[in-house]
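Dock chain B against chain A, hints included.
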Amino acid sequence: MIETQNLTKEFDDFLAVDRVTLSVGAGEVLALLGPNGAGKTTTVRMMTSILAPTHGTARIAGYDVVKDAEKVRASVGVLTEQHGLYERMKALEYLDFFGEIYHIAKPVRQAHARELLERFGLTEAMNRRVGDYSKGMKQKLALVRALLHQPPVLLLDEPTSAMDPQSAKQVRDAIIDLQHESRTFLITTHNLTEAQTLANRIAIIRHGRIIAQGTMTELAQQMGAEQRVELRVNGPLNGLSKDIGDMVTICDSGEDWLQYSAPDPSAINPALMRRLIGLGVEVVSLTLMSSSLEEIYLRIMEEDEAVRPMKSL
Amino acid sequence: MTTLSTTSHASEIDSLLLDSEKRKHEPVPSKSIHLTLSNALIITRREVRDSFRDWRIIAPIIILTFFFPFLAQWVASGFSNFLRGYGAELVGERTIPFLLMIVGFFPISISLVIALETFVGEKERRSLEPLLSTPLTNTELYIGKTLSAMIPPLVASFGGMMVYLLSLLTGQLQWRPQAMLVVQIFLLTIAQALVMVTGAVVVSSQATSTRAANLLASFIIIPMTLLINAESILMFLAPDVISPYGVGSLWAVLAGMFVVAVMFLRIGNTIFNREELLGRNLDSMNISGTLRKIGRYIRAVDDDGTPARNLKEWYTRAIPYSLRKYKTAAFVTLAVSLIAFIAGFGLGFAPQWRIVLPQGTLSPKSMDIIRDVLTPKIQEQAFWFILTNNLRVLLAATILAFFSFGVMALVMTPTVYVVLGYIFSQLILSGSDLGVYLVALIPHGVIELPTVLLGTAIAFRLGAVVTRPPQGETVGHAVVVAFGDTIKLTVGVIIPCLILAALVEVYVTFPLMLR
Chain A
43 MIETQNLTKE FDDFLAVDRV TLSVGAGEVL ALLGPNGAGK TTTVRMMTSI
93 LAPTHGTARI AGYDVVKDAE KVRASVGVLT EQHGLYERMK ALEYLDFFGE
143 IYHIAKPVRQ AHARELLERF GLTEAMNRRV GDYSKGMKQK LALVRALLHQ
193 PPVLLLDEPT SAMDPQSAKQ VRDAIIDLQH ESRTFLITTH NLTEAQTLAN
243 RIAIIRHGRI IAQGTMTELA QQMGAEQRVE LRVNGPLNGL SKDIGDMVTI
293 CDSGEDWLQY SAPDPSAINP ALMRRLIGLG VEVVSLTLMS SSLEEIYLRI
343 MEEDEAVRPM KSL
Chain B
3 MTTLSTTSHA SEIDSLLLDS EKRKHEPVPS KSIHLTLSNA LIITRREVRD
53 SFRDWRIIAP IIILTFFFPF LAQWVASGFS NFLRGYGAEL VGERTIPFLL
103 MIVGFFPISI SLVIALETFV GEKERRSLEP LLSTPLTNTE LYIGKTLSAM
153 IPPLVASFGG MMVYLLSLLT GQLQWRPQAM LVVQIFLLTI AQALVMVTGA
203 VVVSSQATST RAANLLASFI IIPMTLLINA ESILMFLAPD VISPYGVGSL
253 WAVLAGMFVV AVMFLRIGNT IFNREELLGR NLDSMNISGT LRKIGRYIRA
303 VDDDGTPARN LKEWYTRAIP YSLRKYKTAA FVTLAVSLIA FIAGFGLGFA
353 PQWRIVLPQG TLSPKSMDII RDVLTPKIQE QAFWFILTNN LRVLLAATIL
403 AFFSFGVMAL VMTPTVYVVL GYIFSQLILS GSDLGVYLVA LIPHGVIELP
453 TVLLGTAIAF RLGAVVTRPP QGETVGHAVV VAFGDTIKLT VGVIIPCLIL
503 AALVEVYVTF PLMLR
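Same order as they appear, the protein sequences are chains A and B. Just so you know, we're using our numbering here: the first sequence kicks off at 43 and counts up by one. Just so you know, we're using our numbering here: the second sequence kicks off at 3 and counts up by one.
If we strip away everything but chain B, and leave its shape as in the complex, we get:
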């Protein structure tokens, strides 16, 4: 019983509010999707109300919803009339949907501002901590805030587009749009808002001030503006909505944006946690500190970063410790590579992809020529070519994977397996001696193929780790550890194995083939 409950409501309050003892025996509430959404909407409602009380947000929304569409309609009419005078009505017509997209895009660009404001602004004003002290889960907070950043700009955006469409339909132009194109533009607007907001959450979690967040936001707004340009070009060139080279390809853009949004949502949900939000106090970059940490994890034999005392311990403890982390990544890479090989193999059986190979193996004359050319000097050059080529591919895969959440690693190297599968199918179809093919592949392949698979898995994990850092680790820490592991395994395993594979290929495989 609370002594604060002095009014007649006291008994009612006490009967409804559980004391600590009752709470202990309270059944664990199952967090259904309904409950999660319901909790998230508590946040959304407050934030949306708050946004609509801020004149800095409401003023541009009103202007862009009710004033800008008329301006756009006036521009469209004027532009069409002007072009009609020169017999270029087509150019004018193709500009109208572009302006519809712009009318929709301007209000949703505010979603970026709201997102930065609701996440970093709240962090800066210190109003986030009381919210983080409530029983709401990270996901509920994240969904609630993401929705609140999207809803007001989307309402304004749809409102603006409706005003613009109505003014076009009923105005001087009497424009009759293709329904599919209008649907695409509405969906693109939603996707753009989703990408910007989810991207802003990622940016916000890494910044402690709105100033820093605004600087980082250019990483979102610049690519988005380029994308809008690309979309406008597609609309301008589009002959019809069905053509895969015109507006039809906007579906691909839409799908791509939803993939990016899902990726951002996943990262955002991972890094939108209490630890990340309150644990980060400084925006400044400590390069030497980061390099020191990477160095520490290159030598680490365990999660605490205990360094290996000598090269033997590094090979016997540090390398196996890091390798164990790559089970999932290796499995994914292997699966993708197998699929790539099968796809290449299957492709080779399609009549339009078949090539006619000569029957049998190389003629004795050809073999003599190769024997003459394969001098020690050429062999040495071949060794360096094979080695640097493999390293270059893995380096490119690693760099691209880092900037594509790991996706590019699974595109670059598995492409080789498509080619291998295709060649294999052609050899079978031409009735060639598969033994030669296997001799040309197996001696060095038993080293090179697993090494490349591992290298790809390393690159994949380095990029993907931001989307799902290991339990209890912050994104920053996970990336630093992944960098350490990448360098450790590259130096300790990948490079030595690729050197060995190149040596075997030049000094074992080549002579075997010539026999």
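If we strip away everything but chain A, and leave its shape as in the complex, we get:
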């Protein structure tokens, strides 16, 4: 659904996107992460055939972004960084305008608009001027606009920013629903928890270059991150950290729990259990914890910074 090969964009002497190669299949969600100015928006704009690539190719829903620009734009739903709504229009009127652009028959576009507005809890406000909407409502309306023509590919820039937790959940649920229908998503976000929840795969972009991509596990492996294990016991720890400190690295502890890391927990855990039983410790649970996306992201960024420091402005 989304295939890019060495996608590059230069503005005069500024290299905004540098040889980006991505592949996102049907029903997949790719989270594109990166600091401000990393090239996320420019990449999305090239995928929408708004900007022409300087070098490289991109195919969206099977269409080339240069040769079939209009078809590409008909096949994508875009949520831009700024919602960009016409504030003097009413929500229904606004959606009707965009539906007409996509040549959707009037009764159909009206029905679909009402349905989507209901799905996102905007029914009561559908005859109000958009200018009177809250930030979150505007964001949801912009998302409805992106979904209106049922595009197979959705490019969403910060889909839940400015939303209250309930609205953000509505949007996340909608993304999961649509993912089950084999729709393809590319989401750019700074919300790493959301990215971890929604995305099948993650790509990290810096200085216009993809510096890492893969599933969470693949990224964790790429970074060589040690896995964490949480141990919960029945009663206080009573110096347990010292008793097992020679076997594992204690990362954190509480009254009746501790977290440790080990290069290979599956190898060390049986021996550790034997020692705990020997010490008379009653083990309540032993849980393998995965690294958080935030940890992985920060480590990847730090490593890249060490290799290619950011130029001072």
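Incorrect hints may appear among the rest.
What the hints assert, rightly or not - Rough simulated footprint, nothing fancy, chain B against chain A, three-plus residues with beta-carbon under 8 angstroms: (1) 132-143; (2) 238-245; (3) 301-307.
Said to hold, decoys possible - Just the calculated beta-carbon pair ranges, DEER-fashion: (4) Arg128/B x Ala68/A: 29 to 35 angstroms; (5) Asp54/A x Arg128/B: 39 to 45 angstroms; (6) Arg58/B x Leu57/A: 38 to 44 angstroms.
By construction, these hints were calculated from the structure, which means they are not laboratory data. Remember, predicted model here, so these are calculated numbers, not experimental data. Virtual Cβ for every residue (Gly too), placed ideally from N, Cα, C.
Leaving out everything else, chain B in the frame of chain A:
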């Protein structure tokens, strides 16, 4: 099937909306003019509705449509009565059509504001990007927005003029206008709106804020105001609608404005593209950066701007690379020059343009005088005169071409060919020895004529490149590259060839003629 389609409309929606697989096999829709216009009108309808919801636009339109015409009528009556008291009714009568034009012009001046608002305002509010993400083509967006900027002010303008005309026809003055003049004024109003809106689009695409756009808009409003002044003078002096020196000449103004509007439309359609609109983020001018880029393209041997490593490579690769870009411009220049020569030649056969030339060549006595005068000092002065004259003409053509989309390049230098054609015809008619004429022309002409043609083509392309930048290039980049090419070819080809031509003319042609 969408899980969002939970209502009874779901099947209907799914049957009408194509999924991605179906889309792949969908036949390519041919963008007929009808479809383009239909898509453009979707934009127009929205924008016009939006304009009529904005009190900042609607208030002046109402005032200028319903209040200002009565004010103008009152002024016209008062002015006429006042002048009648001094026996100058004619002055009063001639002022009435001018006021009709002003009544029409004031509302259309709002089109400039709407155009700047719909283009730059939308860019500033970031509402343009969702629109650019739709399947609409650049042309559809451009036509849609241009029409939307023109329609409300034109409606107000025509409304105001009708109110003014009715008040004149039925009021105290009982004015009976010349029908042709009224038609001209209505057409002029349309042309003025078209020029202002299309000009505003060009301005808007180069600005990222309404503030910057408003500053740049003075480049449109000032010439337009001067034009209105000129039109009013023509109306005032006009004895009748037929006279070519009076109102009749308004047709020429009208034609000129439509040419400018077409030029602006062409530029606007070229630069109203997604890349230009979203790629431009700053209004600030980077002079040193621009000069660096021009310098880069002066040395460039390819499209990537790879610099020539030495003078030999510059002549063998960089110059031919740039010359190849001038095929079309050279062809156009050659065609115009040939037409100019033929026109001059034909003109010479018209009895009223014929001059009587003496038969034969110069007398031996005259030849001796010239021989005596043609000292090395005079020859040196002649060389500098010929060289600087040629350079001056080409420089003037280049400067004027830059500000006239290349048109002036095709006016200035081809004028010389009209003169050449005319002289040639007179020589034939007088039975003079054409051999002398050819000797006086060919030795240096074989260098000078192609060089001047090339120089004209360079000037023409420099001005015309904004109307049609090469595929995939922005207007700014195309102009920078054209500047680089202009300097490169001027320094590398034009100046050396003109020096050579001047040397040949002074030291070869002159002595040959005297033999």
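Right, here's what the structure says about each hint:
Counting residues of the region 132-143 of chain A whose CB falls under 8 angstroms from any CB of chain B gives 4; the rule of at least 3 is met. For the region 238-245 of chain A, the assignment as covered by chain B is violated, since 0 residues bring a beta-carbon within under 8 angstroms of that chain's beta-carbons and 3 are needed. For the region 301-307 of chain A, the stated coverage by chain B is violated: 0 residues have a C-beta nearer than 8 angstroms to a C-beta of that chain, whereas at least 3 were required. About 31 angstroms separates the C-beta atoms of Arg128/B and Ala68/A, a value consistent with the hinted range of 29 to 35 angstroms.
Distance hint check for Asp54/A and Arg128/B: the Cβ-Cβ separation is about 23 angstroms, which falls outside the suggested range of 39 to 45 angstroms. Distance hint check for Arg58/B and Leu57/A: the Cβ-Cβ separation is about 42 angstroms, which falls inside the suggested range of 38 to 44 angstroms.
Checked against the numbered hints above, the structure violates hints 2, 3 and 5; every other hint is satisfied.
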